[in-house]
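For the record, in the sequence shown the residue sitting at position 153 is 156 according to our numbering, with numbers rising by one throughout.
The set of hints was computed from the structure by calculation and includes no laboratory data.
Some clues are possibly wrong.
With beta-carbon atoms standing in for the labels, derived distance ranges [what the hints assert, rightly or not]: (1) 218 x 137: 44 to 54 angstroms; (2) 10 x 196: 39 to 49 angstroms; (3) 51 x 134: 37 to 47 angstroms; (4) 42 x 131: 41 to 51 angstroms; (5) 230 x 200: 11 to 21 angstroms; (6) 135 x 28: 20 to 30 angstroms; (7) 206 x 164: 12 to 22 angstroms; (8) 41 x 182: 34 to 44 angstroms; (9) 164 x 16: 23 to 33 angstroms.
The beta-carbon is built from N, C-alpha and C at its ideal position, and this holds for glycine as well.
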Amino acid sequence: MGSIESEGDTIDQAIERALRALDVTREQVQIEILTDATRGLLGFGGRKARVRATVRPPLVSRLEGMKAAPSAMGSRETPPGAAHAQPAALQLGGTPTHVPATGASQPVRPSEAFRRKCESTLEDILSRLGISCTVEGGPGPDPETVVLEVSGDSGGLLIGRRGQTLDALEYIVNLIVGRQDGSSGRVMIDVEHYRRRRSEHLTELARRLAEKAKQMGRPITLSPMSARERRVVHLCGGPSTRSQGRAEPRSHPLPGPMGWRP
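Generate the whole structure from the sequences, applying the supplied hints.
What follows is the structure, given as structure tokens:
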């Protein structure tokens, strides 16, 4: 898998130079922003923007291409539960996080027809990708969600690095079903219980690092996390948390000491 670092006066310019050097399109690479551009003082001491571009595996590239063509695949500007949400940083401390209640309306469980539509949509996408798997829909963690469990020999391929391929599949299915069905229901896709295992791992990691931060008396930086994974950490119980960072490559979870506040 090819990777290259590139500089430019802006982030966009650095990305464009990396794409030209790798001879690929934007959908074929994952971009990590290493440093943002700064102007400096009186024209001196400025810093160029620097990015790292890594070529995606072929399957992920094809899925990203589908995401880039909403007219053909779906219509929702922001599909419910979209897995491509920007990751951000987290701060963990000692007071349990308060998550305010949202929405007063009573959620409605998706219909059986909606579940079957979700199953057939995912099966069609996998078939187009040349992947043979079994898809079975069931109730999700909340009344509005349908979970599609995928089983087969291509589990690792469908999950991808840190669930990247799985997230792309989930995004596309939500996009398509949102256009064709018009339902407010959401779709969550799992392969061999990867989502559950990942959630359990993140919960344990957050608690362990919160204790370590307490002993050290300062925050600890984690790897970037998606919105879904940040929520798992926020709701793990025990340490207080906060998110920081505004773009995908800049987001780093930061466990802080117990009782710590930003």
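Okay, the hints, checked on the actual structure:
| no. | hint | verdict |
| --- | --- | --- |
| 1 | 218 x 137: 44 to 54 angstroms | 47 angstroms, holds |
| 2 | 10 x 196: 39 to 49 angstroms | 42 angstroms, holds |
| 3 | 51 x 134: 37 to 47 angstroms | 41 angstroms, holds |
| 4 | 42 x 131: 41 to 51 angstroms | 47 angstroms, holds |
| 5 | 230 x 200: 11 to 21 angstroms | 19 angstroms, holds |
| 6 | 135 x 28: 20 to 30 angstroms | 28 angstroms, holds |
| 7 | 206 x 164: 12 to 22 angstroms | 21 angstroms, holds |
| 8 | 41 x 182: 34 to 44 angstroms | 42 angstroms, holds |
| 9 | 164 x 16: 23 to 33 angstroms | 27 angstroms, holds |
Of the numbered hints given earlier, the model fails none.
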